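Residue numbers (UniProt numbering), protein chains in the order written: chain A, 1 to 178; chain B, 1 to 211.
I should point out that these hints are in silico values taken from the structure, not numbers from a laboratory. Computed from a predicted structure; not experimentally measured. Certain hints may be false.
Stated by the list, open to error - Chain A is nowhere near these chain B residues, computed Cβ spacing over 10 angstroms in every case: (1) E109; (2) T133; (3) L147; (4) D150; (5) T151; (6) A169; (7) W187; (8) Q206; (9) L208.
What the hints assert, rightly or not - Among the chain B residues that face chain A by a calculated CB cut under 7 angstroms, a handful are: (10) D7; (11) I14; (12) A17; (13) S20; (14) R21; (15) D22; (16) Q25; (17) P28; (18) V31; (19) A32; (20) R34; (21) L130; (22) W131; (23) E178; (24) E181.
No residue lacks a Cβ here, since even glycine has one placed at the ideal position from N, Cα and C.
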Amino acid sequence: MSVDSAAIPVVEPALDDLVRVHLAGLLRYATVLTGDGHTAADLVQEVLLRAHVRWTRIALLERPDLYLRRMVTNEHLSWRRRWHVRTIRPATDEVLAAHSDAHGDHADDVVHQDAMWRRLEALPPRQRAVLVLRYYEGLSDMEISQVLGTSPATVRSHASRALATLRDTDSSTRTEKR
Amino acid sequence: MSEHPHDDELIARITRALHSRDAEQPDPALVAARLRAELAHPPEATVTTLRRRGGKLVAAGVVTSALAVAGAGAAAAANPYSDAARRFEVVVQSVGIDWSAMPAGYTREQYEAFWAAGYTPEDVTALEELWHTDTTETKARAGQLLLDGDTPPVAPGRVALPGQAEADAFWSAGYTIEDVETLSALWQTDPFETKARAGRLILDGQQLPLD
Numbered sequence: 001m002s003v004d005s006a007a008i009p010v011v012e013p014a015l016d017d018l019v020r021v022h023l024a025g026l027l028r029y030a031t032v033l034t035g036d037g038h039t040a041a042d043l044v045q046e047v048l049l050r051a052h053v054r055w056t057r058i059a060l061l062e063r064p065d066l067y068l069r070r071m072v073t074n075e076h077l078s079w080r081r082r083w084h085v086r087t088i089r090p091a092t093d094e095v096l097a098a099h100s101d102a103h104g105d106h107a108d109d110v111v112h113q114d115a116m117w118r119r120l121e122a123l124p125p126r127q128r129a130v131l132v133l134r135y136y137e138g139l140s141d142m143e144i145s146q147v148l149g150t151s152p153a154t155v156r157s158h159a160s161r162a163l164a165t166l167r168d169t170d171s172s173t174r175t176e177k178r
Numbered sequence: 001m002s003e004h005p006h007d008d009e010l011i012a013r014i015t016r017a018l019h020s021r022d023a024e025q026p027d028p029a030l031v032a033a034r035l036r037a038e039l040a041h042p043p044e045a046t047v048t049t050l051r052r053r054g055g056k057l058v059a060a061g062v063v064t065s066a067l068a069v070a071g072a073g074a075a076a077a078a079n080p081y082s083d084a085a086r087r088f089e090v091v092v093q094s095v096g097i098d099w100s101a102m103p104a105g106y107t108r109e110q111y112e113a114f115w116a117a118g119y120t121p122e123d124v125t126a127l128e129e130l131w132h133t134d135t136t137e138t139k140a141r142a143g144q145l146l147l148d149g150d151t152p153p154v155a156p157g158r159v160a161l162p163g164q165a166e167a168d169a170f171w172s173a174g175y176t177i178e179d180v181e182t183l184s185a186l187w188q189t190d191p192f193e194t195k196a197r198a199g200r201l202i203l204d205g206q207q208l209p210l211d
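So here's chain A without its partners, still in its complex pose:
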């Protein structure tokens, strides 16, 4: 297959294809990966602008969905490093506002989810990405390895270390272990 990359035109069908098939899923993934809808929108926009230009090639891949998640993940990992200041954000109020009708057990759930989310945020970025891909996106370790450009063994290692950290920082689990 010979493709003249320099001559790939910017064509509308490519964008329609991307938007119709992939945009919503990528936004969901990016939102959970970054924890922030604004950042997710910016990140996915940047990725799709690049993917759009090369879509004729990407669309030929066996799993363009994984390829796009790979682009989003790589971009996120790069952005995180460049945006050191983004580690703390006032998400709690927004989350509580989103559940403004909460009371009783539901409010407790929100508090617990928020606490778990903060522990997830504190994980190293690649470990967190593995958990998002595994437990939110529902991908297999083989698929995650394609997204992260690594081996399934490394994926399992990241997951294992992430779970170990969460176990250690999770007081209720620690109590259960005794």
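Place chain B on chain A using the hints.
Relative to chain A, chain B alone:
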């Protein structure tokens, strides 16, 4: 997939915590509009307020049940950037209620004007540093300046990231993520550094060590 006797419960809570965030997902229609605006005006975007979809929604057709409205309000608050939130605002405002799902001090008009002008996250960071404001206030202030016909002190898309020119050169030359992988393995660099280094070689007119 459990790796520890107590992991099933831990994994269930991780999964719930991750799903608790998907309510913050931005509206795909809005992002698609931004993409189209970006492609339509790549070098210098003009300020064009995005069309308000659902603007003709009839209030009587929606305000049929207090419960439905309360539910829609909660949904709008959960994701103020969604199409549903926008429609809900139109409806409640059409019946005289001054309410918005947007964060305090940040209006939908400011949001749309700001992003439609072609600003990038890097521009936001530059404005934050200039004004010493947080992200929301920055976008609100810049959006309001645009709505007032003024010009924010940073022009859209003018803030270049370190290595951005190199990365652009790399992608423009038609290389793929697989090429990044190959070069990263060869140079023992991460993807960001790989693109910067490869792009610099391209800009210097040199060949990349690829087959």
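Okay, the hints, checked on the actual structure:
1. E109: Since the minimum Cβ distance to chain A is about 17 angstroms, B/E109 lies beyond 10 angstroms and the statement holds.
2. T133: Fine: 13 angstroms to the nearest Cβ keeps B/T133 off the interface.
3. L147: holds (19 angstroms)
4. D150: Given a closest Cβ separation of 23 angstroms, the condition holds.
5. T151: Its Cβ never comes within 10 angstroms of chain A, the nearest being 22 angstroms, so this holds.
6. A169: Consistent with the label, B/A169 stays out of reach of chain A, its closest Cβ about 12 angstroms off (over 10 angstroms).
7. W187: holds (14 angstroms)
8. Q206: Non-interface label stands for B/Q206: nearest chain A Cβ at 17 angstroms, farther than 10 angstroms.
9. L208: holds (13 angstroms)
10. D7: Where the cut-off is 7 angstroms and the nearest Cβ of chain A is about 6 angstroms from B/D7, the hint holds.
11. I14: holds (5 angstroms)
12. A17: This hint holds: B/A17 lies near chain A, its Cβ roughly 4 angstroms from the closest one there, short of 7 angstroms.
13. S20: holds (4 angstroms)
14. R21: holds (5 angstroms)
15. D22: holds (5 angstroms)
16. Q25: holds (4 angstroms)
17. P28: holds (5 angstroms)
18. V31: Hint on B/V31: holds, closest Cβ of chain A at ~5 angstroms, below 7 angstroms.
19. A32: holds (5 angstroms)
20. R34: Holds: closest Cβ of chain A sits about 6 angstroms from B/R34, inside 7 angstroms.
21. L130: This interface hint is violated because 15 angstroms lies over the 7 angstroms limit.
22. W131: violated (15 angstroms)
23. E178: For B/E178, the interface hint is violated, since the closest Cβ of chain A sits about 9 angstroms away, which is over 7 angstroms.
24. E181: Constraint on B/E181 satisfied, holds at 5 angstroms.
When the structure is compared with the earlier hints, violations turn up for hints 21, 22, 23 and for no others.
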